[in-house]
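Asker: The primary structure of each chain is shown beneath.
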Amino acid sequence: MTQLSPFTSHEVADLLDEAQRVRGSLDRGFRDHLVESIYHDAAAIAGRVTRRGKAAGFDLDRVIDRIVLSPVLGLPLMLLLLGLIFWTTIIGANYPSQMLATGLFWIEAQAAAMFEAMGAPWWLTGFIWHGVYRGLAWVISVMLPPMAIFFPCFTILEDLGYLPRVAYNLDWLFKKSGGHGKQALTMSMGFGCNAAGVIACRVIDSPRERLIAILTNNFVPCNGRYPTLILIAMVIVGAGFAPTAASAIAAASVLMVVVIGVIATLLASALLSHTLLKGQASAFTLELPSYRRPNIGRIIYTSLIDRTIFVLLRAIATAAPAGAVIWLLGNIHAGASGGTLDQHVAGFLDPLGHLIGLDGVILLAYIIAIPANEIVVPTMLMVYMSTGMMTEDVSHDSLRQVLVEQHGWTMLTAINLMLFSLLHNPCATTIITMWKETRSLRWTALGAVGPLVVAFAVCFIVAQAAHLFGLG
Amino acid sequence: MRCGTCDECAINDSRADGSEGAAYVVALAGNPNTGKSTVFNALTGLRQHTGNWPGKTVTRAEGRFTHEGKTYRLVDLPGTYSLLSASEDEKIARDFILFGQPDCTIVVTDATCLERNLNLVLQVLEISDRVVVCVNLMDEAKRKGIAVDAEALQRELGVPVVKTTARSHRGLDELVQRVAEVAAGKTATQPHRVRWSEPLDAAVEKLRPMIEKVAPGLPNVRWVAMRLLDGDWRIQQSLMDGELAKIAQVQQHPTERFSRQLAVEGRQ
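Same order as they appear, the protein sequences are chains S and V.
Residue 386 in our numbering sits at position 386 of the first sequence, with consecutive numbering throughout.
Residue 247 in our numbering sits at position 247 of the second sequence, with consecutive numbering throughout.
Simulated from the structure, these hints should not be mistaken for laboratory data.
Check each hint, because a few of them may be wrong.
[To be verified] Okay, derived cross-link-like pairs now, DSS-like style, lysine-lysine, Cα gap no bigger than 30 Å in a straight line: (1) 175/S to 186/V; (2) 70/V to 163/V; (3) 91/V to 436/S; (4) 186/V to 163/V; (5) 70/V to 186/V; (6) 91/V to 278/S; (7) 246/V to 206/V; (8) 176/S to 91/V; (9) 186/V to 246/V; (10) 91/V to 213/V; (11) 163/V to 142/V; (12) 213/V to 246/V.
[As the list claims (entries may be wrong)] Computed far set for chain V versus chain S, every beta-carbon distance over 12 Å: (13) 63; (14) 70; (15) 88; (16) 176; (17) 184; (18) 241.
Just so you know, even glycine gets a beta-carbon here, dropped at the ideal spot from N, CA and C.
Can you make the complete structure from the sequences, with help from the hints?
Answerer: Here it is in structure tokens:
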């Protein structure tokens with residue numbers, strides 16, 4: 001570029017010298033004066049061209065904000081809203097999930113029978129229909145209905161303009177933990193998808209606070225983990241109570257997990273900002289937009305096409321190969337005992353699992369589910385029932401029977417599974433995104449392994465405490 | 001002279017690399033949450049998600065629209081309140097308006113709080129005279145009982161002003177029309193210049209002849225002088241490596257702008 005300049009560089013040098021000299025003679029506050037004169041003109045012009053009449057009706061925004069942003073009611077109201085969304089999701093997803101499962105597993109049975117009738121070898125039928133297809137069927141029936149309810153609800157809140165208010169309400173907490181106030185926003189994005197949450201951290205300018213936000217984003221459950229949380233909450237936690245209270249209890253337990261996630265986010269942020277990432281929290285301006293009437297068409301488009309279908313396709317892309325792996329693990333016999341591979345691995349992991357209130361199968365499921373958290377529950381169930389066929393009856397009662405009576409699950413298992421699901425390592429996509437955003441193997445490794453350590457520690461403490469008090 | 005964030009940076013593929021087939025480059029600036037992305041979507045037909053919260057445009061969005069047979073490349077800049085501080089968003093927005101040489105910059109403003117939005121408009125007007133101001137969210141203003149006199153605002157600012165409600169596509173045809181006129185150089189604009197304090201004006205006048213010598217034809221000498229006085233590193237750098245002078249050259253011969261670009265790239 002330099003050769004294009006028609007002037008000699010000493011003219012530029014003279015100019016820069018002169019600028020430096022003149023700057024010295026200027027009042028130090030000239031920049032403030034400058035900003036003041038801009039503000040002055042802006043105010044004068046705005047005053048001349050706008051007319052404020054009577055607002056049509058009273059200022060509803062301000063009335064709502066007085067409640068939503070109130071120091072007393074703000075936080076409880078936020079929890080109530082979130083709890084309401086979970087409850088709606090749990091209530092609404094139950095029946096469609098079972099219908100989908102019944103339909104999809106019926107297809108599996110028919111297709112497998114057809115393969116057999118056509119004389120296909122047993123391993124082909126097993127691999128395709130009881131492996132790959134079953135993985136898909138599980139993911140679709142378990143995940144699609146909750147997502148189709150949860151995402152539109154969440155998108156309505158987003159379009160209304162509620163998210164910045166969440167950030168406003170949580171700002172003081174993040175400031176206390178040494179993070180950036182906008183971390184509340186990136187955390188909210190994490191509720192949708194942690195990878196998206198990590199990318200959203202770009203809105204934070206300070207590299208230190210951005211790193212904190214990236215490393216702790218994983219502590220809020222993404223939609224890939226909601227199905228696990230909601231299912232366990234419904235099948236085990238809620239079922240321990242009277243049927244009328246079951247769904248409310250289940251929703252409350254999911255809400256509880258989210259609150260624990262937020263607390264973990266704050267604690268981890270505080271820990272990081274007092275050790276590896278020391279520094280002051282920086283100030284920022286957050287504009288609270290007017291509430292806007294959500295556009296129904298766009299909500300449906302965004303939440304169903306952009307979010308639900310996108311996540312579902314991703315889950316399917318990982319569930320199909322995972323289904324195949326599970327089928328192989330369950331059908332390859334090895335060792336003197338002739339047990340299947342998954343029994344060997346699960347048996348090997350069992351002692352570690354029990355130490356933290358889980359079991360070997362659950363840990364195996366988490367290893368297989370590293371590419372995507374969506375498939376934890378399907379994996380677990382398939383391994384539990386790996387003797388070949390899984391019972392086609394997937395109602396919650398029979399599920400509960402399998403878990404509690406055949407595999408010794410307790411309330412402790414359910415609680416620790418929920419905690420583990422909340423705190424454990426991020427999925428592969430999120431890890432890759434962390435690397436892309438930080439370009440640092442060290443920070444990525446910390447972001448991947450740190451949560452796993454936390455998950456093990458928390459589950460261990462809970463399990464040991466429960467044993468100590470004779471619970472579980 | 002590139003920093004580490006080239007992939008995300010708005011200047012990265014300034015007109016030289018990415019504008020094949022597009023006759024004009026149009027930048028979209030504005031405060032956060034004024035409906036910039038809605039305007040962007042409405043003009044380009046893209047469906048970038050627009051959540052109602054500030055700062056959600058984290059990756060640069062780009063799209064195209066056509067008007068009377070000409071193609072316009074539209075670049076959605078990060079929302080900012082000002083162009084004077086050192087935040088990353090403001091740097092990206094300012095550098096694109098200055099070095100990306102858009103043929104027109106649309107500043108989207110929120111009709112319900114025009115005063116604060118005008119702060120940014122006035123700063124953009126210091127850098128570029130090819131500006132169209134879009135007063136958006138007119139529906140919300142109406143609901144709040146606020147009326148905006150677009151003609152008066154146009155007289156005050158010296159650049160075209162268009163009232164829009166981007167969500168329901170109201171006013172966008174006129175916006176495109178004004179943008180096309182400014183981009184083609186058919187509109188003579190007379191941007192409002194803020195009156196600065198006398199010592200600052202005097203200091204600027206001392207630097208003016210030197211800047212004009214170094215970068216003849218630069219349309220925003222006053223602003224460049226002010227930035228130099230403020231010790232703006234990026235501006236110093238662009239003087240030293242001749243980038244600013246090159247811009248001045250191109251600005252002087254607007255009709256040659258495009259063919260020159262193609263010639264530099266060896267496409268002609």
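Asker: So, for every hint listed, does it hold in this structure?
Answerer: Now for the hints, and whether the structure bears them out:
1. Of the supplied pair hints, the one linking residue 175/S and residue 186/V is violated, its CA atoms being roughly 51 Å apart against a limit of 30 Å.
2. A C-alpha spacing of about 23 Å is found between residue 70/V and residue 163/V, which places the hinted pair at or below 30 Å, so the restraint holds.
3. Distance check on the hinted pair: residue 91/V and residue 436/S sit about 22 Å apart at the alpha-carbon level, within 30 Å; holds.
4. Of the supplied pair hints, the one linking residue 186/V and residue 163/V holds, its CA atoms being roughly 20 Å apart against a limit of 30 Å.
5. A hinted pair counts as satisfied when its Cα atoms are at most 30 Å apart, and residue 70/V with residue 186/V qualifies at roughly 15 Å.
6. Taken as a hint, the residue 91/V and residue 278/S pair is honoured in the structure, with Cα atoms around 26 Å apart against an allowance of 30 Å.
7. A C-alpha spacing of about 23 Å is found between residue 246/V and residue 206/V, which places the hinted pair at or below 30 Å, so the restraint holds.
8. A distance of roughly 29 Å separates the Cα atoms of residue 176/S and residue 91/V; the hinted pair therefore holds under the 30 Å criterion.
9. Restraint check for residue 186/V and residue 246/V: satisfied, since their Cα atoms lie roughly 23 Å apart, inside the 30 Å limit.
10. A C-alpha spacing of about 26 Å is found between residue 91/V and residue 213/V, which places the hinted pair at or below 30 Å, so the restraint holds.
11. Using a Cα cut-off of 30 Å, the hinted pair residue 163/V and residue 142/V holds, with the two alpha carbons roughly 12 Å apart.
12. Distance hint between residue 213/V and residue 246/V is fulfilled; the C-alpha atoms sit about 13 Å from each other, no more than 30 Å.
13. Against chain S, the non-interface label of residue 63/V holds: every CB pair exceeds 12 Å, the least being about 17 Å.
14. At roughly 28 Å from the closest C-beta of chain S, the C-beta of residue 70/V stays outside 12 Å, upholding its exclusion from the interface.
15. The claim that residue 88/V is not at the interface with chain S is violated, since a C-beta of that chain comes within 12 Å of its own (minimum 5 Å).
16. The beta carbon of residue 176/V is kept farther than 12 Å from every beta carbon of chain S, the shortest such distance being approximately 22 Å.
17. In this structure residue 184/V is separated from chain S by more than 12 Å, as the shortest Cβ-Cβ distance comes to about 26 Å.
18. Not every Cβ of chain S is farther than 12 Å from the Cβ of residue 241/V; the closest lies at roughly 6 Å, contradicting the non-interface assignment.
In this structure, the hints that do not hold are numbers 1, 15 and 18, in rising order.
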